[in-house]
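Listed in order, the protein sequences are those of chains X and Z. 1 is the number of the first residue of the first sequence in our numbering; add one for each residue after it. 1 is the number of the first residue of the second sequence in our numbering; add one for each residue after it.
Keep in mind that the hints are not guaranteed to be accurate.
[To be verified] Derived lysine-lysine pairs resembling DSSO-like cross-links, with alpha carbons at most 30 Å apart:
#1 X:Lys148 <-> Z:Lys8
#2 Z:Lys77 <-> X:Lys77
#3 Z:Lys8 <-> X:Lys56
#4 X:Lys164 <-> X:Lys183
#5 Z:Lys77 <-> X:Lys389
#6 X:Lys190 <-> Z:Lys77
#7 X:Lys77 <-> X:Lys329
#8 X:Lys148 <-> Z:Lys162
[Said to hold, decoys possible] Covered, in the sense of this in silico footprint (three residues per stretch, anywhere, with C-beta under 8 Å from a C-beta of chain Z), are these stretches of chain X:
#9 80 to 92
#10 286 to 292
Hints are computed from structural coordinates only; laboratory data are not their basis. Ideal Cβ placement from N, Cα and C applies to all residues, glycine included.
Residue strings, one per chain:
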Amino acid sequence: MHAIEKILARAAGVPSVGAGEIVNCDVDLAGINDLYLQTVRSFREMGGVRVHAPDKVVMFLDHYAPASTIAQAENQKQFREFCREQGIDLLMDVDQGVCHQVLADKGLVRPGQVVVVTDSHTTTHGAFGAFGTGVGATDLAIILVTGKLWFRVPEIVRIRLEGKPRPGVYAKDVILHVIGRLKADYAVYKAVEFAGPTLRQFGVSERMALCNMTTEMGAKTSYIQPDDVTMAFLASRGCPPADVPTTDPDFRYAAEHVFDVSAIGPQLAAPFSVDNVSDLAAHAGKPVDQAFLGTCTGGRVEDLAVAAAILQGKHIHPGTRMLVVPASKAVFLEAMERGYVQALVAAGATFVTPGCAACLGTHEGLLASGERCISSSNRNFPGRMGHAKAEIFLASPAAVAASALEGRIADPAKYLA
Amino acid sequence: MQTTITGKAFVYGANVDTDQIYPGRFLDLTDPEDVARHAMEGADPLFASQCAPGDVVVAATNFGCGSSREHAVVTLKAAGVGAILAESFGRIFFRNAINLGLPAIVCPGVQEAVARGDVVSVDIAAGTVANKTTGATLTAQPLSDYVMNILRNGGIKPMIRKSLGL
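Turn these sequences into a full structure, and let the hints guide you.
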């Protein structure tokens, strides 16, 4: 069996599982975000009275942090009341940041867990050897009622990364390249594992970016076998050592792909699809109205660090605005301590409350018609960040910073000497 | 459960994401009538005013990719959509549709066999799709017993209530 199958078998209380089987699994960690008050409504509609295991539930007020409409404020108020009523102590209020980063920061996600959040980018937790998957409000409510949820055991594909990335090329470029080659529907209903020597050069932040964006290939979940890098990170977050499932040597993958990351330059996903990927060079020089640095994909300390290094002592282009959203409070605090916030604000950046911010087009930095944005986030669908006629180009945090500096889409390599 | 659904078709391409089905800026709405007003707004501004009860959405691959928002199903259901036929679905959208009792059927070749406004009839139990306007017939992929059981119960909420003895 694959490690993912062992996780599902353990959670279902059966000796083994195989692709295509439907299993009913105990959920170790269930997360709700503030977009979906329907979760609470569905809980009640199904006859829910007391939440099955309130200590396994985390409530995130992250997508509307802080509320910008009365409707959002009313929804958040009802969530806070629900947490009080149900004894859900893990309420991550509007100061805490994006759900996936908060789970990592607080050491709540561990290898071998089944992690289910009402957010499609829950694939992120494969970076810690967990089975992470996103669901809708009613599925999450089923967990609140029963503690369990059904899953179809996915086929598993392996993506092997080889070579050392060139200067100016990051995990974000690698995953954009992979999605550009394999396409947006390649992994629908499947699990995607990353393996290969390049992973040794990637820390937890980069691994989270890889796993996060498998959602944009349709993946159900993602996986990286935990190693000493993972275990050191978890130990630093106070997680006790645990048994880590491993894949049996005779396991057969549904497909395998090898990518030589030393062969690629900085990448860009052009509107209006995440698989519309080319070399950044193909769009270099296009004027940029907004540069967006943040989100569960590209708003970690490492991402703010590279942006600060590029913009230190300089000023962004007068025709461009730059928004910076630390993924979490912990990221924000560390970036302040390291002087990145000072450097970025002095360079002309606008800071926004840790959370999802403009990524999903609800508040805090929307785009007008005809505007162009370069973004370290994960989606460039029409209307995603504001007007349907605004353009979003997805790139690495370094490319976002270099483009803010030049006021046009720019290769970051020359600033990284 | 109504096993045969007949209505006029609204036809879309590949990778219609949930931001197009239901834009993020309306996610703070919670009442289905309010949610219905913005159905397909990002892909087809005429949809919400033209969709009648029992109409059918037809799409190419990966319909409903993107976010986990259940609003994307709520809006189509509240607008009157009786079934969705596609070459494939985004997996969270598929789960949400089945959970709320809206049949989401994988039907190879359907997007090319149907034009906007054609009258389409879907027999969910038999797994057949007929284009009444052109006479073409197609075979859908069968839904698993697990999924059919959810639909037969009228969605997962009544099913869970039943399992709790409510």
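Hints not upheld, ascending by number: Of the numbered hints given earlier, those the structure breaks are 1, 3, 9 and 10, listed in rising order.
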